[in-house]
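Q: Here is what each chain is made of, one letter per residue.
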Amino acid sequence: MFKKILIANRGEIAVRIIRTCREMKIKSAAVFSDVDRRSPFVYHADEAYALGGITSQESYLNRQRIIEIAKQCGAEAIHPGYGFLSENAEFAEEVQQAGLVFIGPPADAIRIMGDKTEARKLMQGSGVPTVPGTEDAIDDVNEARMIAKDTGYPILIKASAGGGGKGMRLVSSDDEFVEAMEGAAREAKAAFGDARVYIEKFVEEPRHIEFQIFADSLGNVFHLGERECSIQRRHQKVIEESPSALLDDDLRARMGEAAVKAAKACNYRNAGTIEFLVDKYRNFYFLEMNTRLQVEHPVTEMVSGYDLVEEQIKIAAGEKMSITGNLQKFWGHAVECRLYAENPENNFSPSPGIIEFLKPADGPGIREDSGVTQGSEISLYYDPMISKLCAWGENREKAISRMQRALLEYEILGIYTTIPFLQKVLKHKEFCAGNFTTNFIEEYKDELFQHNQEVLHAAGFAAVLEKILQKDRIQIPKDGQGNGLPSNWKTSHRKNALGKR
Amino acid sequence: MKYFAEIGRENLEFDTFFVDDERIIQQNGKKIDFDLEELGTGRYSLIKNNKSYILHLIEIKGELYVHVLGQFFPVHVDDEREKALKELVKSTKTGPSEVEIKAPIPGLVVQISVKEGDKVQKGDALLILEAMKMENIIKSPGQFKVQKISAGQGDAVQQEQTLVQLVAVEE
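Those protein sequence lines, which keep their order, are chains A and B. For the first sequence, our numbering gives the first residue as 108, with consecutive numbering after it. For the second sequence, our numbering gives the first residue as 26, with consecutive numbering after it.
Be aware that one or more of the hints could be misleading.
Lysine to aspartate or glutamate pairs mimicking DMTMM-like chemistry, simulated, CA-CA at most 25 Å apart [claimed, not checked]:
1) A:Lys552 x B:Glu35
2) A:Lys578 x B:Glu123
3) B:Lys86 x A:Glu518
4) A:Lys578 x B:Glu141
5) B:Lys86 x A:Glu484
6) A:Lys578 x A:Glu554
7) B:Lys86 x B:Asp58
8) A:Lys436 x A:Asp323
9) A:Lys531 x A:Glu550
10) A:Lys466 x B:Glu62
11) B:Lys73 x A:Glu561
12) B:Lys86 x A:Glu550
13) A:Lys574 x B:Glu105
14) A:Lys578 x B:Asp58
15) B:Lys27 x B:Asp40
16) B:Lys164 x A:Glu484
17) B:Lys86 x A:Asp579
18) A:Lys256 x A:Glu311
19) A:Lys531 x B:Glu35
Label-pair restraints from in silico Cβ distances [claimed, not checked]:
20) B:Gly148 x A:Gly460: 55 to 65 Å
21) A:Thr480 x B:Asp60: 27 to 37 Å
22) B:Gln184 x A:Lys552: 40 to 50 Å
23) B:Asp58 x A:Gln577: 18 to 28 Å
Chain A is faced by these chain B residues, among others (derived, beta-carbon under 8 Å) [said to hold, decoys possible]:
24) Ile32
25) Gly33
26) Glu35
27) Leu64
28) Gly67
29) Phe98
30) Val102
31) Pro131
32) Leu133
33) Val135
Everything labelled a hint here was simulated from the structure, so no lab data went into it. Yeah, the Cβ is synthetic: ideal placement off N, Cα and C, and Gly gets one too.
Between the sequences and the hints, there should be enough to build the whole structure, so can you do that?
A: Now the structure itself:
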């Protein structure tokens, strides 16, 4: 086993990896940017090395510098976490060339899964279902129409050079096709100078469901069940859970099998995630593979009992993983909420600032993976995610109730967070019933951004009391009662309470 | 004394007064039963009509923020004097040549801080009005010259009674 691991990341995931290292009696070495000098991951690590710089480019993406530090400090392996260099095939290669171990998949697997078209072709060749449609861009209307018919309506026409919804059309039947195709081509030509389009099956009422897989160097590939990640905004996951309320044993077995096939097809090793879209007819399609540890891995840990980071390290060290088969039975249910330093009322705009007070939630069934502490400054340089709060329960209902309770207990002051928004999602009837798609937030936005009247009134009242209290403090000496009593109304209130007895 | 809280696009109004030595706070004519316990570091335990809240109050760049049950609000609180003054400032924004400073509440003039002919800047204290055992500093809403002082120290004045007349300073 490794004696020392360098962690090429920051924030909560760096803390997460340090924790497992410590539990495995492995020394951890953190690297940090100038901005992160005071971050918890720096002082929780056994060793810490300054990367210098402020921006990601200057610090956590500085491949050469990171490898240099790893070699100098005597680390045998580098854990990239998620984001930053975790899915950078060149970095994985460079680490290897430097005589170190990259705790992640082989560079080739990162490369092929990072190329959408290549990945799609590989999946089709391996019997993993993908969203039906054209492989290559097309500009012939008649040919396109034939393909649309084969694919089955409704379909999407997408500009091949596309982006921003330009040159995109949703077509629900054959008689609308020609007009839509001509319109899309015209728009694409005007916007991108390229009239070619793709035809793709429109996935109705999509849900985003992903499978955690693990592959070791001995040829074992197993899955640890699914995570439901449909609650998203701007294609970013907000709430994840395991298991999914949608899957039954049969669909789970079929999707799990496809996930294992996908991993085998790219000669995968280490932890990975196969993302699928599931439509309202319960068809599932390969979306992409994330060749790294996922942000939302804690929910899988809670229902499977495995330490996923430990398994990653074991596999990277060439040891046998503890996972001996596909996960057959979930232990209860787990939900994760991502806490972002953002103001949900202002279109989730980032809320930089200093955390003046912090008292995270705890109690039965609660787990928190946080990268910040009281006094931490949330800068604009990195991801605004500050923490992941997880709740476990023997079933979905219990896990959700616990999460609701935990979000009410959570005290964080000085910055805006997504907590009030999360509270509303968790209380929403359709969320609680398990009826939702990736459009959930858009669909119910009117209900998800309202203030709680009662809380608003309590807050306003408290502010008024604070003002009166301040005035009273100034007033006390003038009243000739300069005895430092906090306020006369408080004492009289007590008197009152006593009198009522 | 009335207090006005502006929070999340809502305007809440509270009325406070004393009965013997107990401070009563009312909202919409209904008495609020409350107990506020300061816990330190800006935290308060508030029991309002037997509902229990943990709140944080914090001042960031001169603005008061309240955090309660995961929600975070900027709150602006004015008492009736400040509110009246603010409205006055608003009305003088256009730059009137003459401003009458009136008593926003009935009270006792405990101190007059200026004399006729003085030049004052925005925010300068003109006089101190005591009401409900509280001192209220009446400030100048802008750059003016004190034209006339119509109240004397120790005078009891009525609401809306003119206290000071200000005129624009000629450049």
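Q: Now, for every hint given, state plainly whether the structure supports it.
A: Hints, verified against the model:
1. A:Lys552 x B:Glu35: holds, 21 Å
2. A:Lys578 x B:Glu123: violated, 32 Å
3. B:Lys86 x A:Glu518: holds, 21 Å
4. A:Lys578 x B:Glu141: violated, 30 Å
5. B:Lys86 x A:Glu484: Holds, because 16 Å separates the two Cα atoms, which is no more than 25 Å.
6. A:Lys578 x A:Glu554: violated, 39 Å
7. B:Lys86 x B:Asp58: Violated: B:Lys86 and B:Asp58 sit about 32 Å apart, past 25 Å.
8. A:Lys436 x A:Asp323: holds, 22 Å
9. A:Lys531 x A:Glu550: Since the Cα atoms of A:Lys531 and A:Glu550 sit roughly 14 Å apart, the hinted pair holds (cutoff 25 Å).
10. A:Lys466 x B:Glu62: Distance ~18 Å between A:Lys466 and B:Glu62 Cα, so the pair holds.
11. B:Lys73 x A:Glu561: It holds: about 11 Å lies between the C-alpha atoms, which stays within 25 Å.
12. B:Lys86 x A:Glu550: Given that 25 Å is the threshold and the Cα spacing comes to 37 Å, the pair is violated.
13. A:Lys574 x B:Glu105: Holds. A:Lys574 to B:Glu105 sits at ~13 Å (cutoff 25 Å).
14. A:Lys578 x B:Asp58: holds, 20 Å
15. B:Lys27 x B:Asp40: holds, 4 Å
16. B:Lys164 x A:Glu484: violated, 38 Å
17. B:Lys86 x A:Asp579: Roughly 23 Å separates the two Cα atoms, so the pair holds.
18. A:Lys256 x A:Glu311: Holds. A:Lys256 to A:Glu311 sits at ~17 Å (cutoff 25 Å).
19. A:Lys531 x B:Glu35: Given that 25 Å is the threshold and the Cα spacing comes to 20 Å, the pair holds.
20. B:Gly148 x A:Gly460: 55 to 65 Å: violated, 28 Å
21. A:Thr480 x B:Asp60: 27 to 37 Å: About 31 Å separates the Cβ atoms of A:Thr480 and B:Asp60, which means 27 to 37 Å holds.
22. B:Gln184 x A:Lys552: 40 to 50 Å: The hinted range 40 to 50 Å holds for B:Gln184 and A:Lys552, with Cβ atoms some 46 Å apart.
23. B:Asp58 x A:Gln577: 18 to 28 Å: Hint holds: Cβ distance 22 Å, inside 18 to 28 Å.
24. Ile32: Since the shortest Cβ distance to chain A is 4 Å, the answer is holds.
25. Gly33: Since the shortest Cβ distance to chain A is 5 Å, the answer is holds.
26. Glu35: Holds: closest Cβ of chain A sits about 6 Å from B:Glu35, inside 8 Å.
27. Leu64: Where the cut-off is 8 Å and the nearest Cβ of chain A is about 11 Å from B:Leu64, the hint is violated.
28. Gly67: holds, 6 Å
29. Phe98: Status holds, d = 5 Å.
30. Val102: holds, 5 Å
31. Pro131: violated, 18 Å
32. Leu133: Given a least distance of 13 Å, the restraint on B:Leu133 is violated.
33. Val135: violated, 10 Å
Of the numbered hints given earlier, the model fails hints 2, 4, 6, 7, 12, 16, 20, 27, 31, 32, 33; all others are met.
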